[in-house]
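Undergrad: Now for the letters of each chain:
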Amino acid sequence: MSFSALLLSLTLVIISVLISARQKLQLEKDILIGTVRAVIQLLAVGFVLNYVFHISDWRLTLIMLTVMILAAGQNAAKRGKGMPGAFGIVTAAIGGGTFVTIIIMVGLGIITFDPTKVIPIGGMVIGNSMIGAGLVLNRLMAEIKQKRLEIEAALALGATSRQAVEGILRSSIKAGLIPTIDSLKTLGIVQLPGMMTGLILAGTSPLQAVRYQMLVAFMLSSTVSISCVIVGLLAYRRFFSQHYQLLELKY
Amino acid sequence: MPEIRCQGVSLTKLQGGLSTEILRAVGLTARQGEIYTVIGPSGSGKSTLLRLINRLLEPSSGTIFFAGSDIRRMPVTEVRRKIGLVFQQPMLFPGSVEENLCYGPRLRGDNSREAAKYLDMVGLERELLQRDAAALSGGQQQRVALARALANKPEALLLDEPTSALDPRATEQLEDLILGLVQSLRLTVVWVTHNMEQAKRVGDRTMLLVNGQVVEERPTADFFSWPEQELTIRFLAGKLESGVQGNEL
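Chains as they are written, first to last, in our numbering: chain A, 1 to 251; chain B, 1001 to 1249.
Simulated from the structure, these hints should not be mistaken for lab results.
For glycine and all other residues, C-beta sits at the position ideal for the given N, C-alpha and C.
Watch out, some of these pointers could steer you wrong.
Cβ pair distances, simulated, as ranges [as the list claims (entries may be wrong)]:
no., chain 1, residue 1, chain 2, residue 2, range
1, B, Arg1106, A, Lys145, 22 to 30 angstroms
2, A, Ser171, B, Gly1016, 53 to 61 angstroms
3, B, Ser1164, A, Leu25, 55 to 63 angstroms
4, A, Ser16, B, Glu1058, 53 to 61 angstroms
5, B, Ala1135, A, Gly82, 33 to 41 angstroms
6, A, Ser171, B, Ala1135, 21 to 29 angstroms
7, A, Arg162, B, Gly1027, 30 to 38 angstroms
8, B, Thr1012, A, Lys145, 37 to 45 angstroms
9, B, Arg1106, A, Gln74, 39 to 47 angstroms
10, B, Ala1135, A, Lys78, 34 to 42 angstroms
11, B, Arg1106, A, Ala38, 50 to 58 angstroms
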């Protein structure tokens, strides 16, 4: 796509600004800021990726992945507002899931540890893990808060902390996995995922694009599962003392 | 002897930078086969005391002994199995009555299906075993909660106002049931209630707790017939329900 073509496509933004002005939505400023931000962020990413792909150094690739994981962790930790150590837990979970999956893929020779493969695929995997991890954390906190008395009844019967939250842990992990599983079910029917769309637009044959998309789908299910389980297993401990006492926390 | 003994038990909580004293230097001795009743206005720390004995909470200072050993030196799951706790609300788990009754034993890998036996003990028909626990009446649920605690084969029971949500008839039935069980199983019981008449009916010893402090503690008959403390007399006259100012103690 030529640069002038891209500039012309800005007319589309003008349409949305006009609609906002006409309908008194008062979103003109936000639309302009959003557009400018999108342009700057994408340009920056484009330059960074271009550089990283060009250098093609495994250490740089690793640093890129780490930065992405940290950013995802920071975002997912917002779902555990007020919970001490939430950032560490979700970051460990997202990182753990991502690295296990990438190591398996590279180890089996399915992909090479090449920035042009690992970074875009890692990005998708990390993004989904971030959503899953955040959901698990959020659900776990809400349920423990809501079911305090039931948990204490279990503890009073001699349950360990883990036994007392067994059901809650299960439903929280499930809550984190459901969006990924649901999107697997509708893949290709309701939605053509962004990656596939991009590959097709860039001239890859649909059959080739579909193969990549399948790969990503399989990776997503493994990474998100791993991340959700790690979040659940690490996070529930924060609510208990070592003597299986449910702590009074002001989350 | 499964005796429960509290020695100088205090609990201080930090709330918004201020430390609040929930319990101050509480002592009690509950003996086997006896019912020790704890009465007091709401917010006096009665329930907290039970939670400390069951080790759901940790005291700020003081020691709690069970059968002569400091409960902190016993595995916590063992403390809780041996000292059962029945809450004000039945707090049954989702599922059938049988699943509720088997919960405790299963935690220890005991899969013997003795649930029916415990239903008998609390005077419920065996047909209820497969029933959804949530579908039972309040009185039945509280009996299931009691049976669930008994299924752990406890040596002591802590009862936190177990009849407060029940009507007078169900209350009386549950009282009789517990009195019978204490005799037949030789249990040590600490029974918290805000109901003075109940304490009078079931207690062997009675303590009045106000604002986290022991006001008076004596054999139940003496406690109600010849109370010694001014505060006790006021409480028994029903003039202390809203609690008292700290400086009156």
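Undergrad: Taking the hints in turn, state whether each one holds.
TA: Hints versus structure:
| no. | hint | in the structure |
| --- | --- | --- |
| 1 | B:Arg1106 x A:Lys145: 22 to 30 angstroms | 26 angstroms, holds |
| 2 | A:Ser171 x B:Gly1016: 53 to 61 angstroms | 33 angstroms, violated |
| 3 | B:Ser1164 x A:Leu25: 55 to 63 angstroms | 56 angstroms, holds |
| 4 | A:Ser16 x B:Glu1058: 53 to 61 angstroms | 59 angstroms, holds |
| 5 | B:Ala1135 x A:Gly82: 33 to 41 angstroms | 37 angstroms, holds |
| 6 | A:Ser171 x B:Ala1135: 21 to 29 angstroms | 22 angstroms, holds |
| 7 | A:Arg162 x B:Gly1027: 30 to 38 angstroms | 35 angstroms, holds |
| 8 | B:Thr1012 x A:Lys145: 37 to 45 angstroms | 24 angstroms, violated |
| 9 | B:Arg1106 x A:Gln74: 39 to 47 angstroms | 41 angstroms, holds |
| 10 | B:Ala1135 x A:Lys78: 34 to 42 angstroms | 40 angstroms, holds |
| 11 | B:Arg1106 x A:Ala38: 50 to 58 angstroms | 56 angstroms, holds |
Hint compliance for this structure: hints 2, 8 are broken, all remaining hints hold.
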